[in-house]
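For the record, the sequence lines run as chains A and B.
Quick note on numbering: the first sequence equals residues 1 to 670 in the working numbering.
Quick note on numbering: the second sequence equals residues 1001 to 1297 in the working numbering.
A portion of the hints provided could be inaccurate.
To be verified - Straight-line C-alpha distance at most 27 angstroms; calculated DSSO-like pairs for lysine-lysine:
| # | chain 1 | residue 1 | chain 2 | residue 2 |
| --- | --- | --- | --- | --- |
| 1 | A | K521 | A | K390 |
| 2 | A | K251 | B | K1107 |
| 3 | A | K270 | A | K365 |
| 4 | A | K253 | B | K1107 |
These aren't lab readings, by the way, just hints derived from the structure by calculation.
Here the structure is a predicted model, which means the values were calculated and not measured.
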Amino acid sequence: MTILARSPRVGLRLPLLVLVIPALLLSVPCRASTQDEIKRAFDADDGVVGEQTAVHSAADDEARKRFSPFAGKKYPPRVYFGDTHNHTSNSGDAFMAGNRLTPEQAYRFARGEELMSTTGVPAKLSRPLDFLVVSDHAEGLGVMFQVYDGNPAFASDPTLARWSKAMKAGGQEATATMRELVSAQAQGKLPAPVTDPKVVGPIMKSVWQQYTATAEGFNEPGRFTAMIGFEWTSVPGGNNLHRNVLFRDGKEKADQVLPFSAWQSEDPEKLWEWMAQYEQKTGGKLLAIPHNGNLSNGRMFELVDFAGNPLTRDYAERRARFEVLQEVMQTKGNSETHPTLSPNDEFADFGIAGWEYGNLTLEDKPETPEMRPTMYLRGGLLQGLLQEQKYGANPFKFGFIGGTDVHNSLTAVEEDNYYGKHIDQEPSPGRWATEAKKGFGFTRYNWQYEAAGYAAVWATENTREALWDAMKRKEVYATSGTRMTVRFFGGWNFSGADARGRHVADAGYQKGVPMGSDLPKPAAGAKAPSFLVAAMKDPLGGNLDRIQIVKGWVGKDGKPNEAIYDVVWGDAAQRKPDRDGKLPPVGDTVDVASASWTNTIGDPELAGAWTDPDFDPSLRAFYYARVIEIPTPRWTAYDALRFDVKMAPEVPMKHQERAWASPIWFTPAK
Amino acid sequence: MRLMPKDLEKLLREPLLHFLLVGSAIFAVDRLVSKRGGEDPELIVISEGRIAALAEGFARNWQRPPTSEELEGLIRDRVREEVYCREALALGLDQEDPVIRHRLRQKMEFITNDVAALAEPTDAELSAYLDAHPDVFRVQPQFSFAHVYLNLERHGENLERDAAQLLAQLKQAGAHVDVPTLGDPFLLEHEFQAVPLAEVGKLFGETFATALGHCPRGQWQGPVESGYGAHLVLVHELTEGRIPVLGEVRDAVRREWANAHRLDANEKLYQELLKRYSVIIERPQPVEGQKKLAARR
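Start from the sequences, fold in the hints, and give me the full structure.
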């Protein structure tokens, strides 16, 4: 396969000045200029910025001391992109579908190496990822087997010593030994050391320990993090209750257990119990990330426990402790919300088609509108507020993260470089048309799978510990596969000047709290919370259309409400909201035939401050930010071009990629 | 008592031993899992050792020993599993099952991997590997640089003029500039310390990273194009890329060496085993359409 076309990336309206040409420099008159002149030149929009622009030659020492505004800062300066949800051939279903690539190959691919996909298509990422969690299904992974590998513990046993010698001799003698061994095992008459758990335990080789060893080999602090994890695959009746479990720890601790599988229990409370025991036993730390609420037929945020009993405060506390994040988007669609739940959200239909017929397996019952309030994430957050009102603890207090759930070991979800979720979705002319699943009179097609998503983590450094800690404090956001940068802070006195300033993060951390936090106590005299939000495009991606803040709250009548606000948008000079306050669309530069677009609309960077205009300090609320890109080609458009195929008219060819920043919560004072 | 490393090394180079190890282990595993055959095909014995193993397995999963009731459950389940397994095998349900076949193949490979893993490379071997694959371990060029961002949206047609103006100012001011106060707001850092080339590419795009490599040090330059817009840059320091000595990259070399060694061992074993078989592949004649597709690829 060859790449036939590349999209024009940045509509750079400047002559080829990639490198400065000395001659050109000489031609620029080198005149002295005041600070004000410089400010005018580079603050095109206003003269309000109150910062000192210091270009001078005095006070050297002072300037040097504060040369880097980030030196000595404790907050995370850089966001790390990765995937918390990758399946390899160690997952039974991935294997059944034909995957032959191992965790090692998954790491190599994520680190940027080129390799051959199972179906023989060379694969390489546009840019390496910063981290990867290989999260193979626990079910069937922990099947233990013992291998005679010359462990010294066996040499002291006379029978084993004899066998060892016989094997060295080879030939008939060895074959006889093999039979003897087989027979002894069949009759349960193996030499004591082999059956003694104390001896066998440490040398038991399992897929798990092989995996943790591989993770150890590819984990390079500062460069690439191989975080250890697995997936607990609870799917009662086809209703998706899956959780990925992520370890903060390395092999030494992780090897003290085997992954908890849904074969042991499909009840999430049992999983939390297991997690708590692990933490107690090893001193390690775990968190769980549920995914695909959109395929749970209303069970992801159901208001009863697994046995059907009403929730309790204890349930809420344990769930909130371990389930700190939820996957918003992945290859199997978007779980943010549904158009019927959010009729006033013009962006609610993204990643819905094909995923709203029923549950994961399209069994049991078809999806009905009644199920939806307790299966999508926005609804889950709202239910959380209601439950908190009732029990004094919020069971659904989670941040947003993206994952891929790829089952071919390749986290390849770039639209122009998409290798599908399963093997039958790897690049081929007909992949878009294949039927993925049928049920209730509906068909789910491969073209409805999304090339999504990424986990974006504001960690202080690229290590297991720092990334895990950032996830635990929910300082993360999800993207639909783009690598845009998003900052989101909540506080009581953010203003437009903070957004226009050069140090959004400085202002954000000094005056407020980052994404995933609780709002601090109101500042004296503050009437409503304010939010500082900023985003910058993916260097290889589309410009930004707008940043929105989504507010959810429980009204005085005890009913859940939601509202969406456009905070800041691209092309602001010529793009104004209409009389009803609706912002006109950003436009569309996509040329489907050539699978290309231009960044001539939207903005590369947006920042704004927003104060809640309808704040009531007696009501519980959450706020999260959503950043929307300008329209860009979808993976189907690249396929149509490269394979020269004509797809059915209902297949979408373009979309608006986006990011979701974890919520910030407000809880009224008691 | 330990096997002498020398003996071990000799053993590891003995393909027959590989085979036998593999063979015996695979049988052992198979027996442990299914216990079929035996003396009496209608006799199921759950031995003391087996019960201990069940309890151990439970404890690993649940992090506590099973209660006597749970252990009874495990034993009952084991009997049930045994009955089903024997019946399934009798019916040939294991045949052509992709999961079972994969599992068996995987076990074979794990065993070879284990044998291969017993070999601890010497420094000489690692050095030789490093010498043979210098590009894999090459230390990338590292940049320490400052930059000032220019948002194309804000400057429009004046970008060139504005950039030149600011550049002149920066050059004049030399090192005494409060960089983050200049240019347009930018969400990443304004100062980068010792960032490897690939990281620069990841953060700013390839074009920018390549251009940075051509910038003379200690002087404001630009504009340089990135995925975000334009930048004026000051490269403080460029540490050239180089081939590291073994001590710096021992872990990585060991990982790659072990990987190569493992692949090699697997391949050798496979070739050894393959010799024992005659393989006939009855390929169908390709039909027209497939030929065309094959040609296009």
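Verification of the supplied hints:
For the hint linking K521/A to K390/A, the alpha-carbon distance of about 22 angstroms falls within 27 angstroms, and the restraint holds. Distance restraint check for K251/A and K1107/B: the Cα-Cα separation of roughly 21 angstroms lies within the 27 angstroms cut-off, and the hinted pair is therefore satisfied. Pair hint K270/A plus K365/A holds up; C-alpha atoms about 26 angstroms apart against a cutoff of 27 angstroms. Between K253/A and K1107/B the alpha-carbon distance is near 24 angstroms, which keeps this suggested pair within the 27 angstroms criterion.
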